[in-house]
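Since the structure of chain A is provided, determine the placement of chain B on it from the hints.
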Amino acid sequence: MYNILGKRKYFYIFSGTLMLFSVIALSVWGLKYGLDFTGGTLMEVKSEKSEVKSDDIKKVLVDAGINDAVVSPSQDNSFLIRYANSSDEKNQEVLAKLKEKFPDVQNTRLDYIGPSISSELKSKAIWALLVAVIGIAAYVAYAFRKVSRPVESWKYGVGAVVALVHDVLITVGIFAILGHFLNIEVDSSFIAALLTILGFSVHDTIVVYDRTRENLLKSGSGEKFDETVNRSLNETMARSINTSLTVLITLLAIFLFGGASIKTFTLALLIGITFGTYSSIFVASALIVDWWKWDKR
Amino acid sequence: MSTRRKIWMKFFLVVILFLVAVLVAWPKPIQKPAFVGRILAPLKINLGLDLQGGIHLIYKVDTSNVESAKVPDALSGLQDVIERRVNAFGVAEPLIETSKSGGEQRLIVELAGVRDIEAAKSMIKETPLLEFKRMEAPAEPEKTAELSDEDKKYNADQQKKAEGLLKQVQGGADFSELAKQDSEDPGSKGQGGDLGFVKRGTFVPEFDKVLFDSDLQPGQIYPQVIESQFGYHIIKLLEVRGDGDNKEVHSQHILLAKKTPPAPEQAQPTFVETGLSGKNLKSADVQFMSQSGKPEVGIEFDSEGTKMFADLTKANIGKQIAIFLDGQVISAPTVQTQITDGKAVITGNFSLDEAKQLARRLNEGALPMPITLIGQQSVEASLGMISLTQSLKAGLIGIILVMIFMILYYRFLGVVASGALIIYSSLMVAIFKLSSVTPWSITLTLAGIAGFILSVGMAVDANILIFERTKEEIRKGRSVRSAIDEGFRRAWPSIRDSNISSIITSLILIWFGTGFVKGFAITLLLGVLVSMFTAIVITRTILTAVIGEWAERKKGWIIASVKQENNEKDVN
Numbered sequence: 088m089y090n091i092l093g094k095r096k097y098f099y100i101f102s103g104t105l106m107l108f109s110v111i112a113l114s115v116w117g118l119k120y121g122l123d124f125t126g127g128t129l130m131e132v133k134s135e136k137s138e139v140k141s142d143d144i145k146k147v148l149v150d151a152g153i154n155d156a157v158v159s160p161s162q163d164n165s166f167l168i169r170y171a172n173s174s175d176e177k178n179q180e181v182l183a184k185l186k187e188k189f190p191d192v193q194n195t196r197l198d199y200i201g202p203s204i205s206s207e208l209k210s211k212a213i214w215a216l217l218v219a220v221i222g223i224a225a226y227v228a229y230a231f232r233k234v235s236r237p238v239e240s241w242k243y244g245v246g247a248v249v250a251l252v253h254d255v256l257i258t259v260g261i262f263a264i265l266g267h268f269l270n271i272e273v274d275s276s277f278i279a280a281l282l283t284i285l286g287f288s289v290h291d292t293i294v295v296y297d298r299t300r301e302n303l304l305k306s307g308s309g310e311k312f313d314e315t316v317n318r319s320l321n322e323t324m325a326r327s328i329n330t331s332l333t334v335l336i337t338l339l340a341i342f343l344f345g346g347a348s349i350k351t352f353t354l355a356l357l358i359g360i361t362f363g364t365y366s367s368i369f370v371a372s373a374l375i376v377d378w379w380k381w382d383k384r
Numbered sequence: 149m150s151t152r153r154k155i156w157m158k159f160f161l162v163v164i165l166f167l168v169a170v171l172v173a174w175p176k177p178i179q180k181p182a183f184v185g186r187i188l189a190p191l192k193i194n195l196g197l198d199l200q201g202g203i204h205l206i207y208k209v210d211t212s213n214v215e216s217a218k219v220p221d222a223l224s225g226l227q228d229v230i231e232r233r234v235n236a237f238g239v240a241e242p243l244i245e246t247s248k249s250g251g252e253q254r255l256i257v258e259l260a261g262v263r264d265i266e267a268a269k270s271m272i273k274e275t276p277l278l279e280f281k282r283m284e285a286p287a288e289p290e291k292t293a294e295l296s297d298e299d300k301k302y303n304a305d306q307q308k309k310a311e312g313l314l315k316q317v318q319g320g321a322d323f324s325e326l327a328k329q330d331s332e333d334p335g336s337k338g339q340g341g342d343l344g345f346v347k348r349g350t351f352v353p354e355f356d357k358v359l360f361d362s363d364l365q366p367g368q369i370y371p372q373v374i375e376s377q378f379g380y381h382i383i384k385l386l387e388v389r390g391d392g393d394n395k396e397v398h399s400q401h402i403l404l405a406k407k408t409p410p411a412p413e414q415a416q417p418t419f420v421e422t423g424l425s426g427k428n429l430k431s432a433d434v435q436f437m438s439q440s441g442k443p444e445v446g447i448e449f450d451s452e453g454t455k456m457f458a459d460l461t462k463a464n465i466g467k468q469i470a471i472f473l474d475g476q477v478i479s480a481p482t483v484q485t486q487i488t489d490g491k492a493v494i495t496g497n498f499s500l501d502e503a504k505q506l507a508r509r510l511n512e513g514a515l516p517m518p519i520t521l522i523g524q525q526s527v528e529a530s531l532g533m534i535s536l537t538q539s540l541k542a543g544l545i546g547i548i549l550v551m552i553f554m555i556l557y558y559r560f561l562g563v564v565a566s567g568a569l570i571i572y573s574s575l576m577v578a579i580f581k582l583s584s585v586t587p588w589s590i591t592l593t594l595a596g597i598a599g600f601i602l603s604v605g606m607a608v609d610a611n612i613l614i615f616e617r618t619k620e621e622i623r624k625g626r627s628v629r630s631a632i633d634e635g636f637r638r639a640w641p642s643i644r645d646s647n648i649s650s651i652i653t654s655l656i657l658i659w660f661g662t663g664f665v666k667g668f669a670i671t672l673l674l675g676v677l678v679s680m681f682t683a684i685v686i687t688r689t690i691l692t693a694v695i696g697e698w699a700e701r702k703k704g705w706i707i708a709s710v711k712q713e714n715n716e717k718d719v720n
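From first to last, the protein sequence lines are chains A and B.
According to our numbering, the first sequence is numbered sequentially starting from 88.
According to our numbering, the second sequence is numbered sequentially starting from 149.
Some hints here could point you the wrong way.
Cβ pair distances, simulated, as ranges [as the list claims (entries may be wrong)]:
id	chain 1	residue 1	chain 2	residue 2	range
1	A	L217	B	L677	20 to 28 Å
2	A	I213	B	E231	15 to 23 Å
3	A	M106	B	V585	47 to 55 Å
Using 25 Å as the maximum straight-line C-alpha spacing, the simulated PhoX-like pairs for lysine-lysine come out as follows [unchecked claim]:
id	chain 1	residue 1	chain 2	residue 2
4	A	K186	A	K146
5	B	K208	A	K350
6	B	K208	A	K177
7	A	K145	A	K119
8	A	K211	A	K305
9	B	K407	B	K301
10	A	K133	A	K96
11	B	K248	A	K209
12	B	K357	B	K395
13	B	K218	B	K208
14	B	K208	A	K209
15	A	K140	A	K188
16	A	K96	A	K305
17	A	K211	B	K248
18	B	K491	B	K442
19	B	K624	A	K311
20	A	K211	B	K208
21	A	K383	A	K242
22	A	K145	A	K209
23	B	K624	A	K305
24	B	K455	B	K467
Keep in mind that the hints were calculated from the coordinates and are not lab data.
Remember, predicted model here, so these are calculated numbers, not experimental data.
Ideal Cβ placement from N, Cα and C applies to all residues, glycine included.
The following block holds chain A by itself, in its conformation from the complex (with noise of 0.2 Å):
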């Protein structure tokens, strides 16, 4: 049996680190958002000749007036080309402009979000994270109405959802981080990916509570609070690694061959739910025997 309460100093140490560091880049840097909630245009043009420069369309664009235009070449004489704009008129107007100036230019891709669009998007976004929340923990509460000896149960909904802020706080820093080096944007998926990592987080963290409430149902004598924690953990473990495991091989796959377009969100569930596997074993009850001997001084 490993001691893991024993080193929870470490944990609460790496995972304080962890979060301290996401703020900050949070704080710094912010996230990177992408077209969803930012509004805009975002065009995709192929040119059958290999002439086309970079430099040539944002003459065109600016031509058409727009200054702000961020035109990145991408595969097969392809041209990102990415504008914020609140009106369609002006996306046919970049097009017979682009035409006029290449005929040979097809347009391949064409996402406009208008501006009602995108705060709405942002304001659903904003309103699914707390909804989910708050639900989790409510749900957490009631799972664990009937444990309330010796911590009572509502604690266990509060360790759950702190293990739960820590792995969307930690993910979402994360992003911040690979926005500002790898222009890496968050969008609606990213707000799907981190809805999934708290359903996950608080899926492990609950299979290893359950386990805890169990234990303290049947061990009358003796064991300690905190010893039939370790316990608990101990009997969980192989279930928490080999569930995340199995869960990571699938998101692996995805993020290796499925394809670019949901490489982000993979990449966001495969560091939530390492982070959550990690928080439900080594973090969630650390906090709740630290709360019971808090109580107990």
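Frame of chain A; chain B shown alone:
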């Protein structure tokens, strides 16, 4: 023995379920009997836009001109019109729905497999306007308007100026120079007023009178200022050639333009609105004229339109009724008799294609409310195809890796879990396919495939919980059979509790999500529910049927190093 029979019955049911699921999911290898193929052929997975390419358009609907009570009606009308237009474009199963967001009414159009995005968009927005107008007899031409006093004075001044110029040229001033300087005839001014050789009838009659009928000789200047509709002319004859009808004169002139009263309106029939328009149209189709076989367009009015048309034709027998499309007259048939059946025919010199297009456009009708595009997403079809094959490959790899892991770690139990996983995958595919014939059709998106693959990982989770528990119980010395029972029993609360949190998050995602997020959440939710069934019911049925006395003798098939664990336990 009856419990034994019950177990085998259950096992048999699982096998049947599996066979049905596989049959629905992959009907290809089973071509016979034919009726099975016929039933299964229409079942197919609805692929989302991101997998088959296409466009997703979000429009804002301007409802400001419609009473709020009538908005729902107007919206469904809008949906109908756009559906007709989109159908005409040849899009299979377009998705057209309305939604309300905040104070904004929205219309969402999804067109799968559309290549020409811009053409499709203009097709949706295009608003053909069909109107029926009755013809009114031409009004009496207005009397020639009087010149204003100001204009009269101007003309008098011009006349005086012309007379002054005449005096100057008579007094020997250079005609060409003066013409260049003062003439107001833009056509001849540059050439010093030279008009070239002309025959009679080329100029206004007043001119001809001077050039052909007076006794003016070449080189002479006509001694009077001549007034025409253009103004005041000073005319000089330069040369004459030819005789009779071939007589041509060469002259030059100086013109001082005058103001003229506005020309009276051309007497034309006017069209008067009748209130009958494309709104009142029920349908239009291409017909062929009985004698000539030429294509024409038959139209049918709705009940209100039928009544209006009957009144209109009754009041206009013998007169023309003009049919306007987008402000242009396309035909103006003469009414023979009153038409009460609400049917009319638009004849014109149509080619078959023109007639088809007109019928199509008429069917499209006008949009009851204006719409503005506020969001658009497009995926090229080839890109969708790549995503589909890539993600399916990823899914297959993921499932195989999970199976390998399970078999290596849980041995015989892992084999059973892998079997359950295959059943799970077949069931999911079957559910996707079956949903396509129900009103709750599930659309598989790229995100959905991600959700599906992810749910494979989660499906195994329930099994892992059970098997870990089973192993524990075996280590405690239980028989394999009772350890398995205990494993299922003990693991159930954890499986239930942990899956409920996933269900909560996927429900929230479905509720809040759009597009990508929704597709992911729906498959995840479905995956969690189905996986609970396969991991618990199906795995358990298989295990209870298969695990017998042999398992007690061969515990190594199920769990590694039992003895060692037992020894440890003894020491404790």
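Given pair status - K208(B), K218(B), alpha carbons within 25 Å: holds (17 Å)
Holds or violated: K383(A) to K242(A), with C-alpha atoms at most 25 Å apart: Given pair K383(A), K242(A) holds - Cα atoms ~14 Å apart, limit 25 Å.
Satisfaction of hint between K248(B) and K211(A), Cα-Cα up to 25 Å: Holds - the C-alpha atoms of K248(B) and K211(A) are around 14 Å apart, at most 25 Å.
Straight-line alpha-carbon gap K145(A) to K119(A), limit 25 Å: The given pair, whose Cα atoms are some 22 Å apart, holds under the 25 Å limit.
K357(B) paired with K395(B) [C-alpha distance capped at 25 Å]: holds (14 Å)
Hinted pair K211(A) and K305(A), Cα distance within 25 Å: Violated, at roughly 45 Å.
Restraint status (C-alpha distance of K248(B) to K209(A) at most 25 Å): holds (16 Å)
Pair hint outcome, K140(A) versus K188(A) [Cα-Cα no greater than 25 Å]: Holds - the C-alpha atoms of K188(A) and K140(A) are around 12 Å apart, at most 25 Å.
Agreement of K491(B) and K442(B) with the hint, judged by alpha carbon distance not exceeding 25 Å: holds (18 Å)
Given hint K301(B) paired with K407(B) - CA-CA distance at most 25 Å: holds (10 Å)
Agreement of K624(B) and K311(A) with the hint, judged by alpha carbon distance not exceeding 25 Å: OK: K624(B) and K311(A) at ~22 Å, within 25 Å.
C-beta pair L217(A), L677(B): status relative to the range 20 to 28 Å that was hinted: holds (25 Å)
Going through the hint list in order, the structure does not satisfy hints 2, 5, 8, 10, 16 and 22.
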